[in-house]
Each structure stands twice: as C-alpha cells, then as structure tokens.
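Numbering-wise (the working numbering), the sequence shown opens with residue 1 and increments by one.
Derived from the structure by calculation, the hints contain no laboratory data. Among the clues, some could well be false.
[Claimed, not checked] Simulated restraints, written as ranges between beta carbons of each label pair: (1) Lys-133 x Gly-340: 49 to 55 Å; (2) Glu-313 x Gly-356: 27 to 33 Å; (3) Asp-196 x Pro-73: 33 to 39 Å; (4) Asp-59 x Ser-234: 29 to 35 Å.
[As the list claims (entries may be wrong)] Calculated lysine-lysine pairs in the BS3-like style (CA-CA distance at most 27 Å, straight line): (5) Lys-199 x Lys-321; (6) Lys-268 x Lys-243; (7) Lys-287 x Lys-341; (8) Lys-317 x Lys-335; (9) Lys-335 x Lys-310; (10) Lys-317 x Lys-229; (11) Lys-229 x Lys-328; (12) Lys-268 x Lys-310; (13) Lys-53 x Lys-341; (14) Lys-134 x Lys-353; (15) Lys-304 x Lys-353.
In this text, a Cβ means the ideal position worked out from N, Cα and C, and glycines have one as well.
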Amino acid sequence: MSTIEFNEMWREKLLNRFLSYVKIYSTSDAESESTPSTERQWDIANYIVEELKTIGLEDVSIDEHGYIMAYVPSNLENDSQPTIGFISHYDTSPDFSGENVKPQVWENYQGEDLILNKETNFTLSPSKFESLKKHIGQTLITTDGNTLLGADDKSGCAEIVTAAEYLIAHPEIKHGRMALGFTPDEEIGRGAHKFDVAKFGAEFAYTMDGSEVGELEYENFNAAGAVVKIHGLSVHPGYAFGKMVNASLLAAEFIQSLPANETPSTTKGFDGFYHLMDITADISEAKLQYIIRDHDEEKFEARKKFMEEKVAEFNQKHGEKTAEVEIKEQYRNMKQQFEGKMHIIDLAAKAMKQAGIEPKIKAIRGGTDGAQLSYMGLPCPNIFAGGMNFHGPYEYVALESMEKALEVIVNIVKA
C-alpha cells in the first residue's frame, strides 16, 4: 500500500539529482590524513549545500571537515516527536575509478544482457548477476564499464535530499523534525570520526547506505585496517648473489602465509576475513594494505593478534625488522548499542511494510557510518538505498528501488 503520491515530476527530480551527483568525482583516499581525505570531495559537498539552501531547509551548515547538516522543521502544532536523522556519505570507494563517471539510463529493462560499452563489449548480464531479474520492467542506471557508478552512497544522498524536498512541498503531511547529515570518507572507515552528534541533535538516525530493497541492518563487522611493510635490499642483479633481498618476492610469500579460505570471496554470513586491498612493491620496499573483519568481538581480536604473529614469524625467518605491521581500528559491531532500543528498528520495519516492502533484517558484511555513530551516542541502523554490485564497473541501481527508499524515509518521519 503506497503511502505517498510520487508522480512523474518527483521521479524525474530523484533521477536527475542522482545523475548529477554521480558525475561529480569524489573518491576518498586512505593514504591521506586530511578530512576530507581528498580535495575533490569539496566539489560535491558544496553542491549539496547549495541544493539544500535552494530547497529551503533550515540551519544548513558545512564545517571545516566537510560534514553537512540541515533540517526540515516539524509542522506539528504540539510537537512531542523526536528529531529523527538520516545520514549518507558522498565519497566513493577507491577500490575502482570514480572519475569521469558516465551513467546510462535503461528504461523498461526486460532481463536482457546490457552492453554497457560497445567499444570494449563490457556487458552486464543476469547470467552473472541474478539480481537483475528482480528488476524486469524497471528503469536501471548503470556505468559505461569504465568506472564505478557511485550509488554507494550517492543514491542515499539523492533519496534523503528528495525526501526533504518532498516534505517541504507537501505541508499536509504532518511530521516531526528531520535532520539531514552528509559525510566524507566513509569508504575509508573515517566517515563518522568528526561527526558532531550533539550539533546534529537527533534522538536516533538511519544511514541510507544499504543495498537491496528491504535491507534493515543493525549488526555489522568489527573492522580494522592493517598495513604491512616489507623491507628489501636492492643490488645490481649481476652482483646480487648472497646480497639481494627482493621485497616483492617476500611480499608474495607473506600473502601466502594468510589463510586462503578466509577472504571475502570464500566466506559468507557471519564469517570473518582478511582482505588484501592493495599492493605496491619493488625490490627495496613492499606495502600490503589489508582490511580485517569479523562480527564476533573475540574472533576479531584474535584476527588482529594473528596478523601480528604472522609478521613476527616472518621476521624470525628473514631477519629482525624485515617486516612491520600497523593495525588501526575502524569501527565496531553496533548490535549491542540497540539493547533496549529496538523500537528504532521496529519503526523502520513498519515504514517498510507501509510501503509494501517486506523487511530483510540481517547483518551487514561491511560497515556504515552508523556503526561508529551508534557508539558515539546516536543509535543509527542501516536502511537500503537500492544500489547493487558496489565498488566496481558492474554497479547499478533501479530507479524504483530509490523511490521505495524515499517512501520509507517519509513514512518514518510522518507523525
């Protein structure tokens, strides 16, 4: 049962807003220590700020770190409703190129293979991605095969902004105060590090950063990043006997020392993993960037210790200080933060059912800003935003999925 009248004009607003967002280059960078981690993120941040002001939101602000906040005021005469927040991130993943994104719109998809790039014959096919079959008759937005799309999480950004605009344009819909938040650097695990929870002023919030329609998540991985540096010794190859220490070969050996069956592609459900994200190596130096994940706190701690032990073993074999590791914690499983607060989950589930969606309550095999925010005093589960196949050229989103996310936002805020 639809609870809002979402006509063609609003459908076009949502689509065009999303298309404008994804065309703005905003990839984050884990190597940078600044916030935002890249100057280019200011382009989309400032763009969103101007949009929010044009729409007519109250108290629109952006701080020196790129965190955006704005508000839709309550229109209730006797307002006892809590301020409810909605949060998304505007950076895109450094896992794949996010520069010069050229989105393509495919109306009335009928289940066929989509040739995204005729020059390279790059194809998005339901034989490889069965989820496409769920979108027969819908409008899909895809890449051109050369970049990611950025639906993670620019779909969430577009949905939140459009929902706010819709509420302002429809004063007959009675609602409490709505807080909007947009963050940088979520993709590198730092999206909530400098988020001002007190200023945001919400009793609780939702990140619009999930994938498939119906997803509702309040469990996630415990997460850490690990950088392993391996030091070699470069000598002319003609005179290398007994002298050269090839850091590239040592890096390959270290990689093989970690469990081959504990990677993202060999685990599912609540299983944790070690994920090799990036390698830079030559004879003198090698750097391996990992992420460490596990839902269980004890197993997570054991994984971090295991990584340190492997480096120690490596040094025993190859010499002291051949390798070093730095492990930085990124976020924790937010499940325990919802003890006694399940009404926040129930509210979202009810809003989905009102939109004709069956909630899919499950654990995230990843993380959101909400994980950190929940530990900072802002309970913040995660709701679907509609995008699929994140962080690569096969990424897509159905416009109808984004419409449903927008409807859920409005249903949550409604008094």
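Structure-based check of each hint:
no.	hint	result
1	Lys-133 x Gly-340: 49 to 55 Å	violated, 40 Å
2	Glu-313 x Gly-356: 27 to 33 Å	violated, 55 Å
3	Asp-196 x Pro-73: 33 to 39 Å	violated, 20 Å
4	Asp-59 x Ser-234: 29 to 35 Å	violated, 57 Å
5	Lys-199 x Lys-321	violated, 46 Å
6	Lys-268 x Lys-243	violated, 44 Å
7	Lys-287 x Lys-341	violated, 43 Å
8	Lys-317 x Lys-335	violated, 41 Å
9	Lys-335 x Lys-310	violated, 30 Å
10	Lys-317 x Lys-229	holds, 16 Å
11	Lys-229 x Lys-328	holds, 14 Å
12	Lys-268 x Lys-310	holds, 24 Å
13	Lys-53 x Lys-341	violated, 33 Å
14	Lys-134 x Lys-353	holds, 19 Å
15	Lys-304 x Lys-353	violated, 40 Å
The earlier numbered hints that this structure contradicts are 1, 2, 3, 4, 5, 6, 7, 8, 9, 13 and 15.
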